[in-house]
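Chemist: Protein sequences appear in the order of chains L and Y.
Those letters in the first sequence? Residues 1 to 135, by the numbering used here.
Those letters in the second sequence? Residues 1 to 439, by the numbering used here.
By construction, these hints were calculated from the structure, which means they are not laboratory data.
Check before you lean on any hint, since a few could be wrong.
To be verified - When the alpha-carbon atoms are kept at most 25 Å apart in a straight line, the in silico BS3-like pairs for lysine-lysine are as follows:
no., chain 1, residue 1, chain 2, residue 2
1, Y, 401, Y, 64
2, Y, 374, Y, 281
3, L, 65, Y, 12
4, Y, 107, Y, 23
5, Y, 374, L, 65
6, Y, 46, Y, 292
7, L, 65, Y, 391
8, Y, 64, L, 23
9, Y, 391, Y, 401
10, Y, 292, Y, 374
11, Y, 12, Y, 374
12, Y, 64, Y, 12
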Amino acid sequence: MKQISVLVENHVGSLAAVTALLKEAHVNIKAIASFDSPSYGILRMVVDAPEQAALVLQESHFAVKITDVLTVEMEDQPGALDHVFAVMAEAGIDIYYVYSFVYRLDKAPLMVLNVSDNEKARQVLKGAGIQIVEE
Amino acid sequence: MIWAKEETLSRKEIEEIQIARLKEQVAWSYERVAPYRAKMDAAGVKPEHIRTLKDLQLLPFSVKQDFRDNYPFGLFAVEREKLQRIHASSGTTGKPTVVGYTPEDMKNWTENVSRIACQGGAVPGDMAQICFGYGMFTGALGLHFGLENIGATVAPTSSGNTKKQIMFMQDLGTTVLVATPSYALYLGEVIQSMGLDPKKDLKLRVGLFGGEGMTEAMRQQMYVLFGEQFCATQNYGMSELNGPGVAGECPELCGMHINEDHFIAEIINPDTGEVLPEGEKGELVITCLTKKALPMIRYRTRDISRLFYEPCKCGRTTARMENLSGRTDDMLIIRGVNVFPSQVEEVLSAMPQISPYYEIIVDRKGQLDTMEIKVELADNSLVDSYGELEKLSATIGSRVKSVLGLDAAIRLEAPGKLQRFEGKAKRVTDNRKSLGLNC
Ligand SMILES: [Zn+2]
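Chain L with its partners taken away, still in its complex shape (with noise of 0.2 Å):
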């Protein structure tokens, strides 16, 4: 699945000017996911439509970049969590951040993965028996 990352700055209204941006171009936000940092933020979304997402962004001089990234469903029950994680720690693959849908697909809820190796990642989750999300 494909993941866009948007740098914004640390003031007010700055989530809100990509968003209105997204909303013009009927973009639709599945995930997001933003941390702060001293000067600056990346917006990081899942979005329906990203090269269109993307395009409009840049277009209004937001510095955006597509990454790809594993969208994982997960079982509503305690541990489930746990079970992708170790599955991940056993392969020896980093995880550098997740965050989950904003809405549940259907039943079950989604969670997003940026790790260090995408493929390996796959065939590890599929073997452990956890679905992965493509579109």
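Assemble chain Y with the ligand onto chain L, guided by the hints.
Modeler: Frame of chain L; chain Y with the ligand shown alone:
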């Protein structure tokens, strides 16, 4: 190609021409320009005191303020009816600087520009496109006449309308581009964004840049945009000294050759006015040796440079001035430290992750001056990683600190975010001035 034999004279021959013309020019000014005569009288100097080139140091300086005080024609040595042309440079405050030319001045100006055009690589038969704004500014018509004079075809496309500029560039087969370096870089970016390959789709060979200084960072970016074969040189002049044609780079890129039979260059300490020894950096002062309508003796350019006198590999023997390292009026004093924007630029230019565009914002919080530097990422490759972005900010910050001795807040901006300029780039915003602070 060397345009004039005066570019290859021996030091002795150059100096003989200079002293003869200097004596004539000082007498001409003393007789005909009342404000300069008053300055000489106040300094107790008479034309007959000028016997050797060293005596130049006895003469009072001319400054920009003289133009304001004597607006519009008070510094002229001839009647208005004797002038063939008037130009003016826009003053940021108050009245513009009005300059004028006799027919003989026009001839000398044109010849000087022809020399710098050839120095920069232009040849007879070139197709030259001039993207300077025409009108009262000296740059456009100066290059226009100089290039026509060497036998180039000139297209006066003037400034603006970038898409049309590129259309002409393709359709006319432009080989020489005349522009400010900022605008040339902007043109190059648009050309690339249109999917054109300058090496295949354009015939561009030579860039003659002026109107603002071109840093090494900008030159490197010219090669990225227009190809390694592109001969990107800059030239120097200002309307008070005719306009372009005072000096220009040759392809050796080791400073700008000064047209020394028309101009004497000196370097002074801007605070004391004392002449500095060869090779030292200071304010450039120019004396015009042939300008009749508006003689200029020891004009303080407020540009910072230094001079070299060894003959150049290109075959010219004229003195060279180092590419400008700022203007005395660009100098910022931040927490008591002298800062030239060009120093920041040199730091940024060494880093491939960022583009040559930047902005400096100086402010005051409480009693403390603050400096923020906005820099533009070269591309989007680092945008997903806090680690990489922070490392880049930290590296820029520490290099700036090692050069300036000051802490600066570094702000990374998206590619293309910072303003591009058609004329002179405005890189510095000093908010302390709007606060009415003395700095
Ligand atoms: Zn040379």
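Chemist: All hints, please: hold or fail.
Modeler: For each hint, the structure was consulted:
1. Y:401 with Y:64: violated (34 Å)
2. Y:374 with Y:281: violated (28 Å)
3. L:65 with Y:12: Since the Cα atoms of residue 65 of chain L and residue 12 of chain Y sit roughly 62 Å apart, the hinted pair is violated (cutoff 25 Å).
4. Y:107 with Y:23: Given pair residue 107 of chain Y, residue 23 of chain Y holds - Cα atoms ~21 Å apart, limit 25 Å.
5. Y:374 with L:65: The hint holds at about 20 Å.
6. Y:46 with Y:292: Given that 25 Å is the threshold and the Cα spacing comes to 19 Å, the pair holds.
7. L:65 with Y:391: Holds, at roughly 18 Å.
8. Y:64 with L:23: violated (54 Å)
9. Y:391 with Y:401: holds (15 Å)
10. Y:292 with Y:374: violated (46 Å)
11. Y:12 with Y:374: Cα-Cα ~49 Å, so violated.
12. Y:64 with Y:12: Violated, at roughly 32 Å.
The structure does not agree with the numbered hints 1, 2, 3, 8, 10, 11, 12 stated previously, though it agrees with the rest.
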